[in-house]
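Participant: Read off the chains here:
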Amino acid sequence: MVDGPQAHASQTAAETRNPLIRVDGLSVRFDAGRSGFWGQHRRVVHAVENVSFAIMPGETLGLVGESGSGKSTTGRAILRRVPAAAGRILYKERDITHAGNEELRPLRRHMQLVFQDPYASLNPRMRVIDIVAEPLVVHGLAANNREAAGKVAELVQRVGLPPDAGSRYPHAFSGGQRQRVGIARALALNPEFIVADEPVSALDVSIRAQIVNLMQDLQRDLGIAYLFIAHDLAVVRHISHRIAIMYAGKIVEIAGRDELYQRPMHPYAQALLSAVPVPDPRVQRARRRITYAGEPPNPLEPPPGCRFQSRCPHRTGQCRLEDPQLEERGAGHRVACWNS
Amino acid sequence: MTQAVEPYLLEIDNLVVHFTTRHGVVQGVRGVNLKLRHGETLGIVGESGSGKSVTVQSVMGLINVPGEIVGGDIRWKGQSLIGPNGRACLEKVRGKEIAMIFQDPMTSLDALFSIGTQITEVLRHHMGMGKKQARQRALELLEMVDIGAPEKRLDQFPHEMSGGMRQRVMIAIALACEPQLLIADEPTTALDVTIQAQILELLTGLQERLKLSVIMITHDLGVIAQMCHRVAVMYAGKIVEVGLAEDIFERPVHPYTQGLLRATPRPDDVTERMVAIDGMPPNLIAPPSGCAFAARCSCVQDGCCLPPELTHYTEDRLVSCWCAGQQQP
Chain R
1 MVDGPQAHAS QTAAETRNPL IRVDGLSVRF DAGRSGFWGQ HRRVVHAVEN VSFAIMPGET
61 LGLVGESGSG KSTTGRAILR RVPAAAGRIL YKERDITHAG NEELRPLRRH MQLVFQDPYA
121 SLNPRMRVID IVAEPLVVHG LAANNREAAG KVAELVQRVG LPPDAGSRYP HAFSGGQRQR
181 VGIARALALN PEFIVADEPV SALDVSIRAQ IVNLMQDLQR DLGIAYLFIA HDLAVVRHIS
241 HRIAIMYAGK IVEIAGRDEL YQRPMHPYAQ ALLSAVPVPD PRVQRARRRI TYAGEPPNPL
301 EPPPGCRFQS RCPHRTGQCR LEDPQLEERG AGHRVACWNS
Chain X
1 MTQAVEPYLL EIDNLVVHFT TRHGVVQGVR GVNLKLRHGE TLGIVGESGS GKSVTVQSVM
61 GLINVPGEIV GGDIRWKGQS LIGPNGRACL EKVRGKEIAM IFQDPMTSLD ALFSIGTQIT
121 EVLRHHMGMG KKQARQRALE LLEMVDIGAP EKRLDQFPHE MSGGMRQRVM IAIALACEPQ
181 LLIADEPTTA LDVTIQAQIL ELLTGLQERL KLSVIMITHD LGVIAQMCHR VAVMYAGKIV
241 EVGLAEDIFE RPVHPYTQGL LRATPRPDDV TERMVAIDGM PPNLIAPPSG CAFAARCSCV
301 QDGCCLPPEL THYTEDRLVS CWCAGQQQP
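Line by line, the protein sequences are chains R and X.
Note that the first sequence covers residues 1 to 340 in my numbering.
Note that the second sequence covers residues 1 to 329 in my numbering.
The shape of chain X in the complex, shown without the other chains (with noise of 0.2 Å):
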């Protein structure tokens, strides 16, 4: 691994969630651990009830009753973020140093308030910006976000802006501190196919403009192509890879990862039959003691009764597989 002179911006360590139902006590993320350096785009990837928003939503303290956070730790800068002393360094760098932005851009605004008043809010309470240079630098935003005739959209209500134009002004609202860290949880899920191109060359060209770092939850590897320099691939609450953006896709290493790539359509593909994974992810009530993938696996052996460790594959790859070290480097 390269020497890090500075620590890294966000450590996530054993963070462990659960979510206390009707049914019994769902174990959401089970132990994840991640490192995210400065200046750089995070992809995590990961179908429904994988973990991925939970894990991202821990960070930002937003776990409220039924979920908890059980044990683990999150540091900011090295600062905890977790327990009584960590909610109060949370409170300062939420929203100022980490910002998030979500899938539904409709339900994250507020439709009661213009969009004008919505972004200097957040100017003016962060920042303590006057109401003049507040509005001034909002226009500046959402110049920045490509949306043209700034002056009259900040006198529109959300209900007045298209699924896009709503999202490019959640990213100018994540972006008015000068966030250093920005979430983003499926952004782009919800919107159209090319309005989904517009959004993402937008984020990529802010990310490098900005020197922002980026986490990107996704469940599509297509996104994470475009956009991430590293991605974690999580199955059910668990990290199962992490590697550098370029290797994973060109040589996935856990069979859920390879799975996952093979199943993701590609228009360039032009066999007839889709490849499928079988069965489905683990009722994570009671989530099998061994390996979560051992049920729909195909290399599966004696060995995956018991829970993997993420162990380095290589220098800068980690895998949580049993038969990972059976397989050459």
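Same shape as in the complex, but just chain R (with noise of 0.2 Å):
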């Protein structure tokens, strides 16, 4: 078992072998329907845009944005769940943004996924057995959910569940232990990678930390690696490796997790960091805390130039005709913005 600080040495060096996922320009749009006279105009919505990034074997990428910022597209588009409008997803190197169904099915065993709602996403009429050894038996490691009761109770024993939790339904579950289960469901196939898309925002505050060790102690032990989606710079700190951050369907930030904390240079990223109150009264009250009026923009008609643009006290001209690209500031921070 390697611990904490060794894992990052190696994730250091790891930066020069191959990235375990590469998202290269990525965008996804939606149609929206049809609009004008005689639905001549069709409507889309630009949900992702022009998104790039790379995760490293055993790391964690932290993914921040509002709701609407394209975060939860994003990661249902690593894992083909969402067709990619432009772009490429490279698992191993090797680009899978068209691949059919046929050579999906083998990856997807090692691409897994865990939702955010532990109410919404276990089948209530299945036990918990059944749903765990369910993946099993979709991929043939197993013949039936009683060849897979062996390795279902490993799995239930790893995620911290009690031994009997096999035999229950869900609704006999708090919270925190539902996502235990949807954890265990997603590791049945041993994956080398798991979108959480926020798997701790709907739990308890108490409950929330039990979650986010758990997941830490299965990527030591295990070589996961994550993408940890969130709404906030909250709860990321503790599990992320690096950090990047979305606003209205683009990252405008990405930089490894303490230099972000330390330094963030985007005004939205100052924003969202400011925006999380630090539990002291006497720290919260004296702190100049950045709050910019307004909302973000419409994604059926994002404003040309910076999405960014409506909200900030430092725009330019520039920033209303072109659109700012990321840009190195230092080791491995990079910042989209014309002023920052």
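Hint data in this document are derived by calculation from the structure and do not stem from the laboratory.
Mixed in with the good hints there might be a few duds.
Quick list of simulated restraints, FRET-style, between CB atoms [to be verified]:
1) P163/R to A295/X: 18 to 24 Å
2) E143/X to S35/R: 49 to 55 Å
3) N339/R to D110/X: 40 to 46 Å
4) A293/R to I285/X: 43 to 49 Å
By construction, the Cβ of each residue, glycine as well, lies at the ideal position given by its N, Cα and C atoms.
Using the supplied hints, reconstruct the complex from the two chains, each of which is provided in its own coordinate frame.
Facilitator: This is the structure:
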């Protein structure tokens, strides 16, 4: 077993190795129906626009953004659950952007998803043993649920559920335990990569830490890479090695964890960080909070130029005309802003 | 305790609320005592099922079958709001002297009526205003909650607005009758963090400007830290600790408060591991006879099999824990 700091050291060594997942200029668009006279005008939601990043084996990339920023869509596009409109998705340097179902099937084993809502994502009519065994049977690793029982018992124990959990139904469990069931199911196929879509957002504060710590333990022991999606900067600090911040479908800043918290450069990243309230009245009331008026732009008609311009205090003429691209501002720290 | 010249604005006395379900009677609130002073912001913090929302819903008379207030009293300026006589009193003050805003501004606004109609309705019903006068006042209210272009907004419908904007409208409606007490039940939980920051700033400003008393229900200690003068921490249907916000954050006494504070992520915390509270809250159909937190508590002792009372720890701190007495105040 490797402990935390050493894992980190091997991480930096791994940078030179091939990434597990590489996303290159990914765009996702959704059809939003037609409008205008006789529906001549097609309405398109620009959910994700020209997003690029890489995830190393055993690494956690935190993907942070508010509702509608495209963070979940990005995660789903990597798993090929929504089609990409442009760009490439590479798994171990192999282009899977347009891979067919037959080609994807063996790959899906290695890439799993953990959902936000543990109440909606588990079938209430299936026992835990059947929920966890299902992927094993589907992928032909076990002939039936009974054959999978041994592996299921091991998984149930691994995620910290009581041994008798297998024979019970999801309603018998609390939110935190259901999330453990979801993780056990995702783990069943020994994945190398898990997209965790706000896995702790629906949980109570005292339970959140239990799940985050479990995910860290699993990463340490099994070397899983995570794309950890979150809507604020509170929890991601603990689990992420690097963090990317999305706004209105684009990545505005990406950096190593400590670097991002110490020196956020994009005005939106600064606002997002200052919006997390500190649980200490003296600190919180004395803090200079950055709150920008206004709200994200309409994804149906994103403005030309920078998408944050309507809320940005540092806006200049250039921001209205040209869209800033991610630029290197130090080791691994990239920012998309004309004025920071 | 300081000499209270006038009685408390709101007093909750040993409130007990039960819910009858298929599986048994859920003891949602198990004897809550709270006093609210004029012009103060009281935060009630707790996790899902701790009884914080049920407590304030009882104040507003919003407990319906299968729920029932089975014991205790709620007094508004000394007058009871419980029982047949209390109901009449409640009808007079609800919406007028006590207003409430909810977590989800989409479901609490009526999708079929314009914003203007919904604000003026309140003004005409409670304040007896005419159509024109009500519209004028509605404009002022929208300006007060920092909604730009209020003339245009009045004729819009809820679906044309964002979540943050709808919560601002809800606040405007709640403040329409110049209430003395605003109850905010997780007002920012459904909003994005940057929008949450805007709404909290607005509420803090309004509270100071209008000398409002506020009860703020939240699961987020960060929100409490920003807004509240006093805090009540709830666990499993009971209050386990009450005190001044600054004191509680600096020196939490109840092990649950301590655990909650450690488990709350801070943006300035650099540790890799988060601190969890092991286990989970008890089932309130058959709550433990002793301290409800004992099963998760690290300083549990023999005496914890008896229920602890909420007692004075210092002058303005109340704690319900057997071990609290062993710590030096």
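Participant: Range first: 40 to 46 Å. Now tell me if the beta carbons of N339/R and D110/X are that far apart.
Facilitator: holds, 44 Å
Participant: For the range 43 to 49 Å, tell me whether the beta carbons of A293/R and I285/X fit it or not.
Facilitator: The hinted range 43 to 49 Å holds for A293/R and I285/X, with Cβ atoms some 47 Å apart.
Participant: Verify the CB-CB distance for E143/X and S35/R against the hinted window 49 to 55 Å.
Facilitator: violated, 33 Å
Participant: Tell me if the beta carbons of P163/R and A295/X are separated by a distance inside 18 to 24 Å.
Facilitator: Taking Cβ atoms as reference, P163/R and A295/X lie about 19 Å apart, which means the hint holds.
Hint 2 alone, counting from the list given before, is not met by this structure.
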